[in-house]
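**Q** Sequence:
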Amino acid sequence: MTPEQIKIISQTVPVVQQFGETITTVFYKDMLNAHPELNSVFNSTHQKTGHQAKALAAALYAYAANIENLEALGPALELICQKHASLYITEDQYEIVGTFLLQAMEKVLGDTFTTQVRDAWVSAYWQLAGLMIKKESALYEQSPDWSTWRQFRIAKIVVESTEIKSFYLEPVDRKSLPKFTPGQYISIRLNVPRLGYVQARQYSLSDKPNSNCYRISVKREDSPQFTCGSSETEDTSGHVSNLLHEMEVGNEVQISHPRGDFFLQDEKATCPVVLIAAGVGITPLLSMFTQIAENMDKVYRKVHIIHAARNSASRAFKDAIEKITGGHPSIKATFFVENPENGNCDRTYIGRVDLHRLHAQNDLFLNDSETEFYICGPPPFMQSLRDSLLRLGVDQTRIKMELFGTGGPDLTMDNKKEARL
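Numbering-wise (this note's numbering), the sequence shown opens with residue 330 and increments by one.
Derived pair list, reagent style DSSO-like, types lysine-lysine, alpha-carbon separation capped at 27 angstroms:
| hint | residue 1 | residue 2 |
| --- | --- | --- |
| 1 | 729 | 383 |
| 2 | 504 | 537 |
| 3 | 336 | 463 |
| 4 | 494 | 508 |
| 5 | 436 | 336 |
| 6 | 729 | 537 |
| 7 | 463 | 508 |
| 8 | 436 | 383 |
| 9 | 383 | 358 |
If you're looking for bench data, these hints aren't it; they were derived computationally from the structure.
What you are looking at is a predicted structure, and each value in this text was computed from that prediction instead of being measured.
Using the sequences and the hints given, assemble the complete structure.
**A** Pasting the structure below:
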């Protein structure tokens, strides 16, 4: 980009802020009408709720506002490129997006979208697209033996609670599976009959790495809500999640290579770790928790896993968690239950997660400036916990949250200027 084009992009920031969502709404409508095959790429529920349009509008604003400081967008780019790689986004799809995005800007902005402004945005778009294509190509090169959707068979199904089932997935080709980093996810792609096309959703791997199979644990959706532990924001159906719940052993699904930037920063580190989850948001944290416990003989560290659930019946993996904590004095677990039932054990609190009910040093390890915090749950839950930790003096760089690309709100930045892509 030329200095003059960078200046023009900076000058359009207020316009993008005001009309961004209108632009992206027109963009998606026109693009999907012209290229219906792309319905299989985009989350249909996010399209229906307008979530996707809002996320892209925030991306346009963030990019324009940081056009002279692209390093500020580094974490956001990593987040979204991981999601793109899990969907096998290709360079030619960036061509389509660029064409219809610029057309939408011209439609909405009219005469203010002059030739000079258009040329600046063409350069800006391809500068950003080039960065993303390069990042995604690097990710693809890391797994040359798994370069497209791979067929898996459901080997086992375990009912974990009244809402959650675990699916053990084995590759049909029986080839060894690559080791993932605990906390990462896979995309699962299924045909959705009611939509008439396939849809992909992201699900956290819920067990430690295994070369023979992967495990995901999926919540069945019966009401409109965000599904933590997956990328689904359900309307009335839970398209992919509920289809999975209807499947049987022997059925096959398509799976992508494990991706995601939500994982233990250093498996060999000795700093304390606090894992905080709500509902099925326990899935990526359980993978981390299990891996840490297995490595405890080699790498000693204090670990506290905190899990919130509506009631005991809907809570998954309690027995597995307690079995792990029973064998390691440096590992502890605490449960929060909104609607308690008989039989709740020690270290169970009634109500929602409240960090002030926990001991600052013994439970949250706040006396150690290196303590890491990992959070997964519905967006409001993560926002609340992040804010509570910040008020307790925890540095933001030590708080990690699972956002699933465009599946959650901007929780990593403090203002719209730095909104994630």
